[in-house]
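Could you slot chain B onto chain A? The hints should help.
Note that the protein sequences, when read in sequence, are chains A and B. Letter by letter, the first sequence follows residues 2 to 470 of the numbering used here. Letter by letter, the second sequence follows residues 282 to 731 of the numbering used here.
Pairwise CB distance ranges, derived in the manner of DEER restraints:
1. A:Glu351 / B:Pro288: 54 to 62 Å
2. A:Glu313 / B:Ala647: 21 to 29 Å
3. B:Ala647 / A:Asp117: 25 to 33 Å
4. A:Pro470 / B:Ser392: 30 to 38 Å
5. A:Asp117 / B:Gly438: 47 to 55 Å
6. B:Pro288 / A:Ile177: 55 to 63 Å
7. A:Lys321 / B:Ser689: 37 to 45 Å
8. A:Asp117 / B:Ser392: 47 to 55 Å
FYI, nobody ran anything at the bench for these hints, they're computed from the structure. Ideal Cβ positions, reconstructed from N, Cα and C, are used throughout, including at glycine.
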Amino acid sequence: MIDQTAFGEIASVIPRERLLIRLEDRYSYSYDASFGEYLPDLVVQPQTAGEISALLKIANQYRIPVYPRGSATSLSGGPLPVEGGMVLDMSRYPRKLVIDRENLLAVASPSVITADIHREAEEAGLFYPPDPSSSHVSTIGGNILENSSGPKGLKYGTTKEYVIGLELVTPQGEIIRTGGKTVKNVTGYDLTRLIVGSEGTLGVVTEIILRLIPKPKARKTMLASFPSVVQSGHAITKILSSGILPAALELMDNACIRAVEAYQPCGLPVEDAALVIIEVDGHPAAVEEEIADCGRICAEMGATTVRTARTEGERQEIWKARKLVSPAITRMGPTKISEDATVPRSRIPEMMERLERIRAKYNINLVVFGHAGDGNLHPNIITDKRNIEEMRRVEDAVGEIFEAAVALGGTLSGEHGIGTLKAPYMELELGKAGLDMMARIKRAWDPNNIMNPGKIFPGPGQTKVKLLP
Amino acid sequence: MTTAHIPSAEKLRASAHEDANRCVQCGYCLPVCPTYASMGKETASPRGRINLVKLAAEGKIDILEHMAGPLDLCLGCRACEVACPVGVPYGRLLESAKEAIADEIRRKSESGEPDRPSGSAGSLKEGLKRAALEHLFPHPGRLRLAGSLLRLYQKSGAARLARASGVIRRISPAMAAFEQVLPEAESPRTRPKAGARYPAVGEKKATVAFFSGCLMDAMMHRVNRLSVELLRLAGCEVVIPEHQKCCGALHAHQGDMETARKLAGANIAAFEATGADWYVNNAGGCGAMLQEYALLFKGDAAMEERAAAFAAKSRDISWVLHRLGPLPFKKEWKVTITYQDSCHLRNVQKVHEEPRALIRSIPGAAYAECEGAETCCASGGIYNLLHFEESMRILDDKMLKVKDTNASVLVTANPGCLLQMKLGIKRSGLGGRMRAVHLVEALAEACGIE
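Same shape as in the complex, but just chain A (with noise of 0.2 Å):
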């Protein structure tokens, strides 16, 4: 709890109405879209830089833990008040979002929807790459911390490839600015790329500049599918050693085509054992020219089935077969653990047959889709909270996603963050001394650990996710 003499210093800074400390509010702040339910003590909606300083500051006095929090969508727990405390409500921070056409370049308050970038690039010719499946309704203070990416992470690279600044109020309040409004900055050590990824341990941020590129003239996109895994994979090795970057290159399972058609019957080829879908974008000619090259691969690699989109409307109907993959999904539900363990790409169809073999082993429903391209496959439990013998072999089928991962010479995480669920998994990855580093990297920063505590690092003895209360 909370002592009374530092509700009151909060109290001095904060008005009334914007601090929430009635239970049904904090429970309202307890919970994301991953696991778990925590109960914070207060909930502070901050407006200014200043503010957050000051709260900050009242917060490393008086040892409280901070959570700042976004739309709370984050599927590791990023936003979780695991130890109580204060949460942040970033979300109702002042809107503020600038496209500078000059310098290609978006400055944005952390409140600001994805999708609102997305939109208000485009419509000054430009385009902001990143596009995590919840970019409507997600911050990009959230995108930025958890550094979440999407499909396109291929051909334009990951989020941390497009902050190039950032405004942070630090755990002892003091306000810093990182990077600039130039791509080029050599200027010190790199804070921003510390910042983003860091998942709230290091700070507050309060202001984001992000790079944007001209947006692509034109775009074709592709639906393919194979009786085998195998051959899914050496048409998606075949087209990138080709000389073709798609903008987009993604895979889902049988399991995925099966779930999708008893969702909302798209017409997918049940049969088939694995369905790509390929996006290309650029200069029209250069489109048509590798769509082609693309179609011509796969029929080369043994697809049963090719389907090139010829309007706008036929390329919707592909990606909405890809976008129903996870509400249809979940309906087989209701307990939905979704990881995004990433392997280099060459080694996916190696991944893909170790978790074929994890399914069978701990007898789940795993089913998988993800981003081939780039090799971060999301691995998806099916399953129920409520059944507790079966949340138990769902727990050993995690840890052993992880460790299938880390030795095809893969990461824990390309794209959700390490939150409460993976960190349990950070030695495996990083080695006793590479987690070390990061610790100390943690103890400067914030000496008192009062942002986020509970994340990242786990706790002593930690060697497993815990699922069950």
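What follows is chain B alone, placed relative to chain A:
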């Protein structure tokens, strides 16, 4: 805290926990929720409310102290249900929650405990609400009388006197606001008669039974009369079933499921007796209720089946006119028209293209889509009376966008929305250049029907 011994919580667990548990808390409902936007906190969002119902059902929070406030502030527009990727049945969940609140208030008043902490919904408001729900809406005769009294009130000069003296404002500012925008009541002689049968004009294409509704029948029967005329012009023989009642939506939304069931049973019997092809209504809110009658009879297989058959035949008038059209328009009508969706017509009945298509078919008229037309106007049944300030905040925001359309006619498809839009026009100072009408009135005007 544990409230497991409280029967209302146990009942809520049985009726709503499974539904609430389907929510995966993805947050996809947040951008479409009007109260999340206007109130600015998660507690006022669908995801927040679903979580509170779940917690109350689990006994972690108190139904009245913690759950009732945020649930009462929900408009029930059900836009979240359309946005939900996993199909949480929010409408059903909301009604279960409202029922639990009503049960709990009853239980506490019977056991002599104070029901709500001070500062929440006042007892005068509760009393008025209960009186209207129990003694006015279920009784068509009494409502018609009220409608006739309204005409008397407007025609006799009492209205002018009441406005000048400010007497209504002193009782309730919300009622005073709406009193000023009530439509001018027509003479009761023009009201379509129960039991009557009106022949189709020209070739007969279908027989339809017309649902008069309670408020529509009492206060806005001009719209009903014009509806019958338009249906006839479109080739329908129109029957007005005797013994039909209020649809029961207001009751169900306030947690009185028992009365809602009784009214539903009476309506099903009344309409079945007509043998009509479709049962046509002209109020988006009522139509949604009619289409969901089967939910009221869960566990009673025979009634459930009859209710489902009834629902399958229930149609909004725009759907029927669009299907049977085109209408015999009489003149060029050179106006710009915009349309505000009725939430329950759009989100529950999934009818949103038909009204727009009908408006576009009016010769000479230009249609201007309003940004955010699909979001709630905050009429919300009687939400605007119970939560006047919250409602007006949402309405005033909407009117800024309505103004941008430069329309001179604002069309809606539900009586509650219509009154709300009339008030919106008045509040935003657009009165001189814009008027709000029911879709049926707009179409009738273009067909030269007075």
